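Line order of the protein sequences matches chains A and B. Per our numbering, residue 858 is the first one in the first sequence, and the count goes up by one each step. Per our numbering, residue 858 is the first one in the second sequence, and the count goes up by one each step.
Bear in mind the hints are in silico, worked out from the structure with no lab data behind them. Keep in mind that this is a model prediction, so the values were computed, not measured. A few of these clues could be false.
No copy is singled out in the list; a pair is fine if it fits within one copy or between any two copies.
Simulated pairs of lysine-lysine, DSS-like, Cα-Cα distance not exceeding 30 Å [said to hold, decoys possible]:
#1 1228 - 887
#2 1080 - 887
#3 990 - 1235
#4 1120 - 1228
#5 887 - 1235
#6 1120 - 887
#7 990 - 887
#8 990 - 1080
#9 990 - 1228
#10 1262 - 1080
#11 1080 - 1235
#12 990 - 1120
#13 1080 - 1228
#14 1262 - 1120
#15 1120 - 1235
#16 1235 - 1262
Each chain is listed here by its residues.
Protein chains: 2
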Amino acid sequence: MTDGPQIETSPGAITRVPGFQAAGVACGLKESGQPDLALVVGDRPATAAAMFTTNAFRAAPVLYDIALLSRRRGSYARAVVVNAGNANACTGEQGVHDAEQMARLTESALNLPPDSVFVMSTGVIGRPMPMAKVETGIRAAAEALSPTGGADAARAIMTTDLVPKEAFAQIQTGGVTISVGGMAKGSGMIHPSLAPAAPRATMLSVVVTDAAVSADALNAALKRAVAASFNRITVDGDTSTNDTVLLLASGRAGNPLIGLDSKDYETFEAALTDVCTSLAKQIVRDGEGATRLVEILVRGAVNAAEAEQAAKTVATSPLVKTAIFGADPNWGRVLAAIGRSGVRVDPARVDLWLGDVQLVAGGEPLAFDVKAARSALKAPEVRFTADLGLGPGQATVWTCDLSYKYVEINAEYHT
Amino acid sequence: MTDGPQIETSPGAITRVPGFQAAGVACGLKESGQPDLALVVGDRPATAAAMFTTNAFRAAPVLYDIALLSRRRGSYARAVVVNAGNANACTGEQGVHDAEQMARLTESALNLPPDSVFVMSTGVIGRPMPMAKVETGIRAAAEALSPTGGADAARAIMTTDLVPKEAFAQIQTGGVTISVGGMAKGSGMIHPSLAPAAPRATMLSVVVTDAAVSADALNAALKRAVAASFNRITVDGDTSTNDTVLLLASGRAGNPLIGLDSKDYETFEAALTDVCTSLAKQIVRDGEGATRLVEILVRGAVNAAEAEQAAKTVATSPLVKTAIFGADPNWGRVLAAIGRSGVRVDPARVDLWLGDVQLVAGGEPLAFDVKAARSALKAPEVRFTADLGLGPGQATVWTCDLSYKYVEINAEYHT
C-alpha cells in the first residue's frame, strides 16, 4: 500500500466526485427483485482508460467496450451502464448485439451522442439478456439519476456480494482539490487477471475522477494501480469472462493537465492505487463465504514475478484456505503450496511467519506457541509472511478462507 | 484407458503377485489407533523404477529414495516400508536421518542387505518422526508378514482415505503368466505431478510384478503409465511433498526378459497402465468429501499438452466442482475455466457436452433438457466433454466434486 491520502469507504463515493451523478434501480433481472441496473453519468466528456479480463471467453459487453476504446480518442466518455443478474457471456452473436443495444438505449435515454457510453454486465453466464427489462431499467435509472445516487449504484451492481464496495480519496494538485471515487462488485469467480484490452471472473469496478489527466497518463496510472490491487486478489482462483475496471477522468477540477511527466503524476497514481486497493480488499473481505481477510506476503524471491506466483499459489490452495477457516496453524500446507508453485526455492533458506509468530527458520520447524498461532488465525485479518531468502522479489496477495458457506453459495446458486 | 486385461480391485492385490508378502500393523503414529505401518517384501532382489513429486519441499523419504535409486543399479530392491500419520516432510536434517534409519531398521528386521529397502511416509507435515514407535512398528510388521497380507498393507497406508485402493491384472507373455498388483493411498492434497526423481501431495503407490523386465523398459513403462493415470487426477490442486510411485519387478515369473524392443513390452505397459489408472480413479472416487467421480475430456485442442492444461483447469475449478456437487448444469463455469486456462481457444468453435447432452455448439448455447442434465450430474460418474475444434490434442483428467465434507475434513484436521 502506498503512502497516500486517507481512504474513505462511506457510501456514495462515486457521486462525491463533483460532476458525477448516479442511480441504481430494479428492473427484474434479479429474481430477488433487488436493484440490478446502475448508471454513472458525468456532466462533460471524460477521458477513459480501462482494463479487461484475459479469459478467452470474453463477454459481449467486454468486447463492446474494447471496440469502443479502440475507435475513440480524447474525451468522449459520458456514462457507464452496468447490470447485474445476467453476464451476457457465452451468448453468441445475439449477445454482442444486445451489449451494443444497451449502449444505444442509454445514449438515447440520456440524450448523449453515439459512442459515449460503456457497458458492463455480471451474473449468470449463457443466458440471453432480457432486453425488454433492460430497456425499462435504463429509462428508470435515467429518471432516477441523482448527485447523491452513488450508494444506490454501488448496491445495484452486487451479485452474491453481501455489502457494496466503495472508496473515495482527495488529493491537492496545483492548488486544486482532486477527487477520486470508485465502486466495485465481486464476491465469487474472483481471480482478476486484467490486462489492457483483454478480459476474466466477475469483478467490476468503475472509478471516476474530476482530475484533468492525459490519456497516456491515465492508462499508465490505471495499469500500475490495477497491478497492485485488483490483480493481487483471489477468492476462488476462477477468472471471469466479464472482469472490467473502467476509469473516467472528467477534468472538471480544472487542475493543470496531469501528464506522465507532471510532478503531480505520482500523487495521482498513488491516490488511484489506494482507491483500487481499498476496493480490492473489500472484495476479498466479502468473498463468497469468507470469514477472514488473508494477506500472503512473499519476499526474498528471485524476482517480483516469482514472489507473486508463489503468493498466488498459497492464496488459491484449498488446503491452506480450509486450514485458516479451521484456525489450524498447519504451516506445512503453506510451504507445500510454495513448493509446488514453480518458483525457485531452496528449502533450507525458507522462513515463515504467521502474524508475528515465526514458524519456520531456514527450512526447519520451530517450536512455537500454538495458542498464539490459533489466536492469530482467528483474527479477522490473517497474515502469512514467507521469506525465500534468495533475492529482492516481493509481492503481497489478498485472499479469504474457504468455508462451508462457500460450498453452499456455489452448490445452491442455480442457473 | 488402454485395451488391456481385466482389472480386479478385490482385496490383497499386492500379495496376489507370486513371491510378495506384506503386512500392515498399528504402532501408534495415528492417534486413532488404526494400522499405520506397512511392509511389502519380495522373495528375491527386484529391479526398481520410481517417480516422485516435483514439489520443491521434497519430504525426507523422497530424498532418501531418490538417492537410493541413483546409487544402485540392476536388481537390488527387496522391500518397501510405508508409514501413515507422519509425512516426515519439512523436518530438516533430523528428518533425513530418520528416513534413512527407517530403511536400516527394516533391513535389520528382515535380515536384508543394506540399500535394499525403499521408504515412504504420509501424514502431518513438519513434525519429527516418533522413531521409537516406528521401530516397534517395523519389528511387528516383519513378524506379521504374510503371503495374504496385501489387504492389511493397503489399509495401513491410508490417511483421510475412507477405503483402501488396490488393483490387480494378469497377462500372458512368452507362454508365462505375469501378474501386476498395486496399492495406493490418497484422498486430499491430490494433484500429482510426478517426474522421474522429482517429487509432489500425498499420493503413494506401490506396484509389484513378478515379470522379468529390463531397467530401461521398467522406467519407460512406469513413466508412460503414470503420465496417463496418476498425473491425470486431481482432488484439490495441491501437489504434495511426498508423492511417490514405486514399481518393483522381481522376475520370478521366469518370462523372457522384457526389454524396450520386446514384442511383449506393449502388453506389459498396457497392463501396468491399467493397474495405475484403476488405482488413480479409486483415489479420486475417494477424494476428500467426494460424492461423484468426474471425468473431463478435452479434445480438439492444438496439442495434447494444451488439452491436458485445459482439462486440469476445469478439474481444479472450485466453481465447477461446487456446481457438480449441487447438480447444477452451470456450463458457463466450465467454459470460463477453459477460457482462463491459457490454452488457445476460439470461442466460436467450442462444443460442450454433459454426458450425452450437448450444451454448447460453436460457442452458442443450445436449448437443452435441464432435467436430463441434472440427472447426468447426479450420477456417481459425471463426464464433461469439450471439443475446442482446433486440432488433434486430446486428454482426459479425473477429479471429484467439492462438498461441505471437504471443508469439514480440512478445517477440522488439526495438526
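These are the hints, each one checked on the structure:
1. 1228 - 887: Result: close only across copies, 23 Å inter versus 45 Å intra.
2. 1080 - 887: neither (32 Å within a copy, 51 Å between copies)
3. 990 - 1235: neither (44 Å within a copy, 34 Å between copies)
4. 1120 - 1228: Intra 50 Å, inter 63 Å, cutoff 30 Å: neither.
5. 887 - 1235: For residue 887 and residue 1235, only the inter-copy Cα distance (27 Å) is at most 30 Å; the intra-copy one is 35 Å.
6. 1120 - 887: Close neither inside one copy (46 Å) nor across copies (64 Å); limit 30 Å.
7. 990 - 887: within (11 Å within a copy, 60 Å between copies)
8. 990 - 1080: neither (35 Å within a copy, 57 Å between copies)
9. 990 - 1228: between (55 Å within a copy, 27 Å between copies)
10. 1262 - 1080: Neither, since 34 Å and 41 Å both go past 30 Å.
11. 1080 - 1235: neither (35 Å within a copy, 44 Å between copies)
12. 990 - 1120: neither (48 Å within a copy, 69 Å between copies)
13. 1080 - 1228: neither (42 Å within a copy, 45 Å between copies)
14. 1262 - 1120: neither (48 Å within a copy, 56 Å between copies)
15. 1120 - 1235: neither (44 Å within a copy, 62 Å between copies)
16. 1235 - 1262: Answer is both; intra-copy 17 Å and inter-copy 21 Å each pass.
Checked against the numbered hints above, the structure breaks hints 2, 3, 4, 6, 8, 10, 11, 12, 13, 14, 15 and satisfies the rest.
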